[in-house]
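> Residue-level listing of the chains:
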Amino acid sequence: MSTVRFVQGNEACALGALAAGLDFFAGYPITPSSEIAERLSGELPPRGHTFIQMEDEIASLCAVIGASLTGKKAMTATSGPGFSLMQEALGYAVMTEIPLVIVNVMRGGPSTGLPTQVSQGDVNQARWGIHGDHAIITLTAGSHQALFDNTVRAFNLAETFRTPVILLYDELIAHMREGLHVPEEDQMDLVERLHTSVPRDVDYRPYLPREDGRLPMSDFGGVHRYNVTGLYHDMWGFPSTKPEVVRGLLSHIVEKIESREEELSFVNEYHTEDAETLLISYGSAARTARQTVRDAREKGVRMGLLELETLWPFPGRRVSEALRKVGEAVVVEMNLGQVFEQVRRVAPKPERVFLANRIDGQLIAPSDIRRVLRIIEGKGVWA
Amino acid sequence: MLNIVFTGVGGQGVITAGIILAEAAVLEEGRHATQSQSYGAEARGGLTRTDVIISDREVLYPKIAQAHVLGALHQRGYTAHANIIRPGGMFIYDEETVKASAKTDARRIPIPLLIHGKGANMALLGAVCALTSAVKCQSIQEVIQRRYGAESSNLNAFQDGWDAVVNRGYTPHPAAYSGHEGDGVPPTPSINPSISGTAL
Numbered sequence: 001m002s003t004v005r006f007v008q009g010n011e012a013c014a015l016g017a018l019a020a021g022l023d024f025f026a027g028y029p030i031t032p033s034s035e036i037a038e039r040l041s042g043e044l045p046p047r048g049h050t051f052i053q054m055e056d057e058i059a060s061l062c063a064v065i066g067a068s069l070t071g072k073k074a075m076t077a078t079s080g081p082g083f084s085l086m087q088e089a090l091g092y093a094v095m096t097e098i099p100l101v102i103v104n105v106m107r108g109g110p111s112t113g114l115p116t117q118v119s120q121g122d123v124n125q126a127r128w129g130i131h132g133d134h135a136i137i138t139l140t141a142g143s144h145q146a147l148f149d150n151t152v153r154a155f156n157l158a159e160t161f162r163t164p165v166i167l168l169y170d171e172l173i174a175h176m177r178e179g180l181h182v183p184e185e186d187q188m189d190l191v192e193r194l195h196t197s198v199p200r201d202v203d204y205r206p207y208l209p210r211e212d213g214r215l216p217m218s219d220f221g222g223v224h225r226y227n228v229t230g231l232y233h234d235m236w237g238f239p240s241t242k243p244e245v246v247r248g249l250l251s252h253i254v255e256k257i258e259s260r261e262e263e264l265s266f267v268n269e270y271h272t273e274d275a276e277t278l279l280i281s282y283g284s285a286a287r288t289a290r291q292t293v294r295d296a297r298e299k300g301v302r303m304g305l306l307e308l309e310t311l312w313p314f315p316g317r318r319v320s321e322a323l324r325k326v327g328e329a330v331v332v333e334m335n336l337g338q339v340f341e342q343v344r345r346v347a348p349k350p351e352r353v354f355l356a357n358r359i360d361g362q363l364i365a366p367s368d369i370r371r372v373l374r375i376i377e378g379k380g381v382w383a
Numbered sequence: 001m002l003n004i005v006f007t008g009v010g011g012q013g014v015i016t017a018g019i020i021l022a023e024a025a026v027l028e029e030g031r032h033a034t035q036s037q038s039y040g041a042e043a044r045g046g047l048t049r050t051d052v053i054i055s056d057r058e059v060l061y062p063k064i065a066q067a068h069v070l071g072a073l074h075q076r077g078y079t080a081h082a083n084i085i086r087p088g089g090m091f092i093y094d095e096e097t098v099k100a101s102a103k104t105d106a107r108r109i110p111i112p113l114l115i116h117g118k119g120a121n122m123a124l125l126g127a128v129c130a131l132t133s134a135v136k137c138q139s140i141q142e143v144i145q146r147r148y149g150a151e152s153s154n155l156n157a158f159q160d161g162w163d164a165v166v167n168r169g170y171t172p173h174p175a176a177y178s179g180h181e182g183d184g185v186p187p188t189p190s191i192n193p194s195i196s197g198t199a200l
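In order, the protein sequence lines correspond to chains A and B. To convert, note that position 164 of the first sequence is 164 in this note's numbering; the numbers rise steadily by one, no gaps. To convert, note that position 25 of the second sequence is 25 in this note's numbering; the numbers rise steadily by one, no gaps.
Check each hint, because a few of them may be wrong.
[Unchecked claim] Beyond 12 angstroms from chain A on every Cβ pair, some chain B residues (computed):
{"id": "1", "residue": "Gly149"}
{"id": "2", "residue": "Asn156"}
{"id": "3", "residue": "Arg168"}
[Claimed, not checked] Listing some non-contacts, in silico: residues in chain A with all C-beta distances to chain B over 12 angstroms:
{"id": "4", "residue": "Pro46"}
{"id": "5", "residue": "Gln87"}
{"id": "6", "residue": "Trp128"}
{"id": "7", "residue": "His131"}
{"id": "8", "residue": "Asp133"}
{"id": "9", "residue": "Trp236"}
{"id": "10", "residue": "Pro243"}
{"id": "11", "residue": "Ser265"}
{"id": "12", "residue": "Asp274"}
{"id": "13", "residue": "Gly300"}
{"id": "14", "residue": "Gln338"}
{"id": "15", "residue": "Ile376"}
{"id": "16", "residue": "Gly378"}
{"id": "17", "residue": "Val381"}
[Claimed, not checked] Selected chain B positions facing chain A (Cβ under 8 angstroms, derived; list incomplete):
{"id": "18", "residue": "Ala22"}
{"id": "19", "residue": "Glu23"}
{"id": "20", "residue": "Ala33"}
{"id": "21", "residue": "Gln35"}
{"id": "22", "residue": "Ser36"}
{"id": "23", "residue": "Gln37"}
{"id": "24", "residue": "Tyr39"}
{"id": "25", "residue": "Val59"}
{"id": "26", "residue": "Leu60"}
{"id": "27", "residue": "Tyr61"}
{"id": "28", "residue": "Pro62"}
{"id": "29", "residue": "Lys63"}
Honestly, the hints are just simulated from the structure, not real lab data. As the structure is a computational prediction, the values presented were derived from the model and not from experiment. Every residue gets a Cβ at the ideal spot worked out from N, C-alpha and C, and that includes glycine.
Working from the sequences, and respecting the hints, build out all of it.
If you want it as structure tokens, here you go:
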């Protein structure tokens, strides 16, 4: 059983967060993400949970980090300009391994850019906005159903891997409305906080992984006293410059995510079984790509789509496998080729990978993709 | 598939009208629909447009390149989007505020809309409902009532828009734009089938 709703993408995200068990939201409203905060400001307090409108984005993420440490499922939501301000705290959350969710609803950038228009320009910022080597999980969505599901998934992955997870989608999905099936509570698999079994007055080591690599947590301010720092730290959380500690922590932070690329590769395939041409896309651009595939199939053209719902770690193996089976591939996105570069990196024949893009604040259209396909086919385009 | 575009300036409620129409299709009739919009950074007064696609299949690309129906509440909206009407499509507007160009290849449906003030968007919905069979009037009324209450003047404005079309003798489009796959099949008009008249 599920309930059908007719909602904006941002509401689908807020509903997903509530379904995942969100306890705490701190944020600073910004177009095109504001409806998330608006919705949660109405929903959280009556449930006994916390909504805070902070003074800025840095403070918002810092509040989320603190809330998460005390055992709460916590998130914030912003757009590119706010996400830029959050980078310092994001690096801290990566280093201190805090489970939390950051929603970045992309608008045109850089700077204040195009507040009300669509873009997918923050893909690389999600990966490399913070300084230093690290790994990060970034999910995206091209429909309200996928957005709801991936919001829940973002919270689950955050808890499983003790890491910040970025949910990156674009203005079109955020503001568009369509149907959403909200599942019953008992139909959803939720990952809850892994608490330590170490009792009070026994030495608790917050950064000592279990055999499976997971780090059980103790609610901050509860029965254990421990240190949390953005400096390289030992298993007690105290600063250390010992080479083996530094090397060990960095490899742990990176490997806990990078070594699970396959487990974290969420992709959808449409008509890929016999495709000669493969489109690769994500977010709202993937809707256009799927429309193009649907239209092509109706004319008997063997075209398929690989839709990425994981952007980071980049699902390179899945992309590479899919590319082996086709003649050429076209990456469809609304930036100057941020995912295109990743696809070329893993492609068996990079020269057979092309880019169909738009960077003018408009949703890429099927005709834009068809023009690129005509050029690849040597047919040219009419000016 | 039925493509409807409403346009005007910020504050007129064209986006709200689009939401109500698509919501009625999805929640009341179990069809697929998307509603998307474009608007400027201004709180009011900027050019606004909403695209509603109603279909039997999942709607993928949500923007409209060729509209079956264009409803304009402001000259600026019409000027910006007049060329979006599909040849032979319908253009609903109020002559008091919109001067239609002779170049627009569409069936013109001039009716009083702005007389309803803030309810102009609801009158527009009533007119759309009388001219297409994409969504039943009852479904739209249901959504308006849920949003604004059973006593809402929005329901009256909706009814007035419907009446304006019918009383002037405008008939539903031949295909009635049901938005169902394989359109061209004789439609089931959602309005009184005895009504006829000459279309402009």
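> Each hint should be assessed against the structure and marked as holding or not.
Quick rundown of the hints versus the structure:
no.: 1; hint: Gly149; in the structure: 19 angstroms, holds
no.: 2; hint: Asn156; in the structure: 24 angstroms, holds
no.: 3; hint: Arg168; in the structure: 32 angstroms, holds
no.: 4; hint: Pro46; in the structure: 21 angstroms, holds
no.: 5; hint: Gln87; in the structure: 25 angstroms, holds
no.: 6; hint: Trp128; in the structure: 29 angstroms, holds
no.: 7; hint: His131; in the structure: 32 angstroms, holds
no.: 8; hint: Asp133; in the structure: 38 angstroms, holds
no.: 9; hint: Trp236; in the structure: 50 angstroms, holds
no.: 10; hint: Pro243; in the structure: 52 angstroms, holds
no.: 11; hint: Ser265; in the structure: 23 angstroms, holds
no.: 12; hint: Asp274; in the structure: 21 angstroms, holds
no.: 13; hint: Gly300; in the structure: 19 angstroms, holds
no.: 14; hint: Gln338; in the structure: 22 angstroms, holds
no.: 15; hint: Ile376; in the structure: 21 angstroms, holds
no.: 16; hint: Gly378; in the structure: 26 angstroms, holds
no.: 17; hint: Val381; in the structure: 17 angstroms, holds
no.: 18; hint: Ala22; in the structure: 6 angstroms, holds
no.: 19; hint: Glu23; in the structure: 4 angstroms, holds
no.: 20; hint: Ala33; in the structure: 7 angstroms, holds
no.: 21; hint: Gln35; in the structure: 4 angstroms, holds
no.: 22; hint: Ser36; in the structure: 4 angstroms, holds
no.: 23; hint: Gln37; in the structure: 6 angstroms, holds
no.: 24; hint: Tyr39; in the structure: 6 angstroms, holds
no.: 25; hint: Val59; in the structure: 7 angstroms, holds
no.: 26; hint: Leu60; in the structure: 4 angstroms, holds
no.: 27; hint: Tyr61; in the structure: 4 angstroms, holds
no.: 28; hint: Pro62; in the structure: 6 angstroms, holds
no.: 29; hint: Lys63; in the structure: 5 angstroms, holds
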